[in-house]
Amino acid sequence: MKKIKYSEITPEKIYKNRRSFIKSIGLGAGSIAMTSFFSTNDALSQEEKKYTSYKDITTYNNYYEFGTSKSDPYINSQNFKTKPWNISIEGEVENPIKISMEEISETIESEERIYRLRCVEGWSMVIPWMGFSLSKLLSKVTPTSKAKFVKFESVYDPDQMRGQRYPVLNWPYKEGLRIDEAMHPLTTVVTGLYNKKLPNQNGAPLRIFIPWKYGFKSAKAIVKIELVEKMPTSSWMWASPREYGFYSNVNPDVNHPRWSQATERVIGNDIFAPRVKTLMFNGYGDEVANLYTGMDLKKYF
Amino acid sequence: MNKFLKPGIFILSLTPFIIIISKIYFNQLGPEPVKEITHHTGEWTLIFICLTLAMSPLKRFTNLVIWIKFRRMLGLFVFFYATIHLITYVVIDYRLDWQQIFNDVLKKKYIFIGFSAWLLLIPLAFTSSQKMAKLLRHNWKKLHRLIYIIAIFGSLHYIWLSKTIFFKPLIFMLIILVLLALRIKIKKRETNYG
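For the record, the sequence lines run as chains A and B. Numbered per our numbering, the first sequence spans residues 1 to 301. Numbered per our numbering, the second sequence spans residues 1 to 194.
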């Protein structure tokens, strides 16, 4: 698969042009998802093929709160209640808030953001998310100078999330970013995908997505965002500090004891398609490499 | 009836293979087809290891010698599925990229132990015939005790490749340990009586 640059994946112009083309041939914008289901061999569907299918994105998930198998989240999350939903943003901030999902979607507009997702297990997808930069949400609380890191906490609800009844990870799921990573425009608060409301199995009602880091960094069903002074310990660091570092940037040169990080399998490709080379920072190096100037990324993996 | 038992078990043992071939043919392997084949054949290798190890305890509990007649065939199916498992990894997944495969074997302990288990299976497969058993005599029994090590390696292979505490790999480990523990008892009895 061709490398998708940031300049290529937020191509407002091209995308809008294509959108207007779709509209002009009488399909609503919402039917983008459908075109990938029933793709024919015209130019439009050729372009759609760049994205992973809606079906694969929504039925092949790592979301241990709903079970450890890839098909579990889709099966076990259908009755998960995401209303009402409040997110508390607190810690080293001028004005901590508790904000409802409704208020977030009313005050911050989501846009389509097409990013590559690279899982630490060695597979990848291309996902047309709906969302906005996390910095927009954080501007509501004004972080203080003591806010060096951002800690994300997912919901804990073992009644609804059967995976949480087992000590697979130290629940609730915790993740973290350095403040400059969190403020980077690529760091996205996700509210939907394929122009639809975010499905439960993908982290509804609200998750984050950090395109240049392995997928597990992107916490789902977030209820708390805390700005802190000290580096937080994520659930995966806690489970195995040797395997999962705080940064977890996509890096083909840092080996993982289980999966090859030099190459990856593109989801949706057929059985005889070869692995493709994994790119440093998942191909977003032009945008994010400057965050790590002077850092030994083999040490701070 | 006994006449049909062995061919029947043979066909049953082939069904996991037929299932995966038909899934490939009908394109039903899901989003990560190669991983699906790898996992399917890996899991069936472990199941056949358990079945093979279960035969002599079954013989003891039921007082029926017939179980032992299936043991060799089941053991050969271990080799069969383990080999497909390995071929999937080497040929389909890594397309004979020897540098990366070599790297994996040395750097990833689960691949190292899995590959070792497959190597240990080779002498067992080649000496599985009645002829070889006669030729090797006492050594044959000793040699074929390698299956105990292979079983433990196989279950460690599964545990080490799991991301966190998963149940399935632990269940396989537990079953294998129980099957091995039953043998320790046999030996004690034998020495007591002897």
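No lab work stands behind these hints, which were simulated from the structure alone. Take these hints with a grain of salt, some might be off.
Distance condition first, Cα-Cα at most 20 Å in a straight line; then the derived SDA-like pairs of lysine to any residue [said to hold, decoys possible]:
1) A:55 <-> B:26
2) B:107 <-> A:252
3) A:70 <-> B:165
4) B:163 <-> A:165
5) B:108 <-> B:126
6) B:35 <-> B:156
7) A:277 <-> B:6
8) B:163 <-> A:170
9) A:136 <-> A:111
10) B:6 <-> B:68
11) B:163 <-> A:168
12) A:70 <-> B:170
13) B:6 <-> B:107
14) B:35 <-> B:22
15) B:107 <-> A:258
Listed next, the stretches of chain B that the computed footprint assigns to chain A, with coverage defined by at least 3 CB atoms under 8 Å from CB atoms of chain A [said to hold, decoys possible]:
16) 16-23
17) 87-99
No residue lacks a Cβ here, since even glycine has one placed at the ideal position from N, Cα and C.
Hint by hint, here is what the structure shows:
1. Note on residue 55 of chain A and residue 26 of chain B: the hinted pairing holds, with a Cα-Cα distance of about 18 Å set against a maximum of 20 Å.
2. With a CA separation close to 15 Å, the supplied pair residue 107 of chain B and residue 252 of chain A stays within the 20 Å bound.
3. Distance check on the hinted pair: residue 70 of chain A and residue 165 of chain B sit about 16 Å apart at the alpha-carbon level, within 20 Å; holds.
4. Restraint check: the Cα-Cα separation between residue 163 of chain B and residue 165 of chain A comes to about 18 Å, which is no more than 20 Å; the hinted pair holds.
5. Between residue 108 of chain B and residue 126 of chain B the alpha-carbon distance is near 28 Å, which puts this suggested pair outside the 20 Å criterion.
6. Proposed proximity of residue 35 of chain B and residue 156 of chain B is supported: the alpha carbons are some 19 Å apart, at most 20 Å.
7. About 48 Å separates the Cα atoms of residue 277 of chain A and residue 6 of chain B, which puts this hinted pair outside 20 Å; it is violated.
8. Our distance criterion of 20 Å between C-alpha atoms is met by residue 163 of chain B and residue 170 of chain A, whose separation comes to about 14 Å.
9. The suggested pairing of residue 136 of chain A with residue 111 of chain A holds, with an alpha-carbon distance near 13 Å, which does not exceed 20 Å.
10. A C-alpha spacing of about 11 Å is found between residue 6 of chain B and residue 68 of chain B, which places the hinted pair at or below 20 Å, so the restraint holds.
11. A distance of roughly 9 Å separates the Cα atoms of residue 163 of chain B and residue 168 of chain A; the hinted pair therefore holds under the 20 Å criterion.
12. Of the supplied pair hints, the one linking residue 70 of chain A and residue 170 of chain B holds, its CA atoms being roughly 19 Å apart against a limit of 20 Å.
13. Of the supplied pair hints, the one linking residue 6 of chain B and residue 107 of chain B is violated, its CA atoms being roughly 42 Å apart against a limit of 20 Å.
14. In summary, the hint linking residue 35 of chain B to residue 22 of chain B is supported, as the alpha carbons are separated by about 16 Å, within the 20 Å threshold.
15. Proposed proximity of residue 107 of chain B and residue 258 of chain A is supported: the alpha carbons are some 9 Å apart, at most 20 Å.
16. By the rule of at least three residues with a Cβ nearer than 8 Å to a Cβ of chain A, the coverage given for the region 16-23 of chain B is violated, with 0 such residues.
17. Check on the region 87-99 of chain B: 4 of its residues sit with their Cβ under 8 Å from a Cβ of chain A, so the three-residue criterion for coverage holds.
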